[in-house]
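S.K.: So the chains spell out like this:
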Amino acid sequence: MTFYFLEITFADNLLTLNENCDYYYSSAAAEKKDIISQLPDDILISIIAHMPVKCAVSTSVLSKRWRNLHRCVSDIAFDCRYLLGHQIDPYKLHESNLIIESVNRFLWLRSGSKIHSFRLSCCFYKLSIYQFNHCIYSLGRLGVEKLFLRCGCYLGSSDFSFSLDLLSEIPSLKYFELSLCSLPPSLTKQCNSLQDLCLSYVNVCPGAIECILSKCSRLISFRMVISSRLSLRILNWSSLYSITYLNCR
Amino acid sequence: MAAETGTPTTLTLKSNDDELFSVAESAAILSVTIRNMVEDGCAGGVIPLDNVDGKTLASVITYMNGISAIPADEEKKKSYRDKFLSDKDFETLADMVLAANYLNMSCLMDAVSAKIAQVMEKKSVGWVRRKFGIENDYTPEEEAAVKEEHKWTFEGVETDDDN
Numbered sequence: 001m002t003f004y005f006l007e008i009t010f011a012d013n014l015l016t017l018n019e020n021c022d023y024y025y026s027s028a029a030a031e032k033k034d035i036i037s038q039l040p041d042d043i044l045i046s047i048i049a050h051m052p053v054k055c056a057v058s059t060s061v062l063s064k065r066w067r068n069l070h071r072c073v074s075d076i077a078f079d080c081r082y083l084l085g086h087q088i089d090p091y092k093l094h095e096s097n098l099i100i101e102s103v104n105r106f107l108w109l110r111s112g113s114k115i116h117s118f119r120l121s122c123c124f125y126k127l128s129i130y131q132f133n134h135c136i137y138s139l140g141r142l143g144v145e146k147l148f149l150r151c152g153c154y155l156g157s158s159d160f161s162f163s164l165d166l167l168s169e170i171p172s173l174k175y176f177e178l179s180l181c182s183l184p185p186s187l188t189k190q191c192n193s194l195q196d197l198c199l200s201y202v203n204v205c206p207g208a209i210e211c212i213l214s215k216c217s218r219l220i221s222f223r224m225v226i227s228s229r230l231s232l233r234i235l236n237w238s239s240l241y242s243i244t245y246l247n248c249r
Numbered sequence: 001m002a003a004e005t006g007t008p009t010t011l012t013l014k015s016n017d018d019e020l021f022s023v024a025e026s027a028a029i030l031s032v033t034i035r036n037m038v039e040d041g042c043a044g045g046v047i048p049l050d051n052v053d054g055k056t057l058a059s060v061i062t063y064m065n066g067i068s069a070i071p072a073d074e075e076k077k078k079s080y081r082d083k084f085l086s087d088k089d090f091e092t093l094a095d096m097v098l099a100a101n102y103l104n105m106s107c108l109m110d111a112v113s114a115k116i117a118q119v120m121e122k123k124s125v126g127w128v129r130r131k132f133g134i135e136n137d138y139t140p141e142e143e144a145a146v147k148e149e150h151k152w153t154f155e156g157v158e159t160d161d162d163n
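Those protein sequence lines, which keep their order, are chains A and B. If you read the first sequence in UniProt numbering, its first letter stands for residue 1, the second for the next number, and so on. If you read the second sequence in UniProt numbering, its first letter stands for residue 1, the second for the next number, and so on.
The set of hints was computed from the structure by calculation and includes no laboratory data. Warning: the hint list may mix true and false statements.
[Claimed, not checked] Pairwise CB distance ranges (calculated): (1) Val46(B) <-> His116(A): 39 to 45 Å; (2) Asp110(B) <-> Tyr82(A): 16 to 22 Å; (3) Asp73(B) <-> Ser214(A): 42 to 48 Å; (4) Gly45(B) <-> Ile220(A): 29 to 35 Å; (5) Asp79(A) <-> Asp89(B): 53 to 59 Å.
Where is the CB? At the ideal position from N, CA and C, for every residue including glycine.
Could you build the full structure based on these sequences and the hints that come with them?
M.R.: Dropping the structure here:
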């Protein structure tokens with residue numbers, strides 16, 4: 001605790017290093033309050049929106065006014081490096097499951113408040129499919145329109161396969177960017193909302209592209225960043241306006 | 001707007017403590033609030049800015065002049081913004097975010113919000129309460145429940161002490 005008082009001492013110069021500074025604080029706070037309490041909710045939300053998710057949630061402890069402000073942030077980004085403070089060790093199997101459990105608890109906390117875009121960057125290794133599917137169902141309930149899933153820290157670091165069938169669980173999804181995982185051809189359900197799809201460094205299994213193009217009826221843009229050549233027979237797809245291949249060799 | 005040929009138009013802004021500032025119109029219209037006044041033709045005399053004090057307005061004008069002198073290069077603008085905000089203390093930042101909101105300057109608002117967020121995220125709840133003048137209106141039981149909720153959310157990935 002003393003550490004924090006020390007910081008204020010540098011900032012204000014007026015303070016003595018005294019744990020019992022209530023008198024000073026109450027007068028300073030009263031003075032300051034006139035300005036600070038004018039900050040409308042949308043400024044506070046704009047501030048919270050610039051914090052990592054964990055810090056944003058912890059602002060709810062400040063006071064009743066702050067209790068639900070973090071729930072109004074509509075663009076969410078989770079990065080395992082911020083949550084854990086280091087890269088996930090591929091030999092420590094439990095950690096990517098811990099991350100996804102936290103993400104799920106966070107999404108539960110967000111019940112009832114819409115999330116516009118959701119970004120999850122985490123090295124998925126031996127990931128519990130049950131937990132992951134649960135996350136996707138929650139995102140569907142929260143009305144997510146843009147989803148970014150980066151499943152590995154580097155090429156080949158993840159053993160994760162994304163099941164295309166999950167796309168139909170997010171009926172609001174318009175934009176989807178998937179990277180660093182495998183994509184088996186598993187789409188059996190129709191996905192009628194997706195307009196823009198980007199796959200980067202995804203190990204696309206034979207048949208997966210055909211699955212996407214036959215089931216995603218609204219798709220207008222499809223981009224791929226790939227490292228190996230694929231045999232693609234997709235050019236007769238009529239409603240697709242833009243297909244881009246980057247880094248194709 | 002109705003510029004005399006050749007010379008750039010200058011606007012006069014007045015802070016709520018009656019300080020007067022001259023600023024080039026081209027820089028001042030970074031503020032959507034001021035731009036609207038100019039477009040509506042009511043920027044002829046002195047423009048009173050009732051929600052901004054002289055110290056903050058001087059700072060905002062420095063920013064306006066600095067950023068509008070940079071050609072369309074987002075990288076350079078960003079590094080100017082970072083440098084501009086780097087020596088500002090928390091109180092100044094709070095005043096600036098209010099001014100940016102009132103003047104409707106989204107780029108400054110965004111940059112200051114990010115800076116305040118950066119300051120806050122490394123500090124304790126107690127520090128933020130004092131600096132923001134936030135009165136803790138939770139009962140001890142309620143506060144414990146809210147703390148528990150956010151602790152529980154990130155259980156297992158907790159790496160630091162957020163007391």
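S.K.: Compare the structure with the hints numbered earlier in the document and write down the numbers of the violated ones, lowest to highest.
M.R.: Hints 4, 5 contradicted; others consistent.
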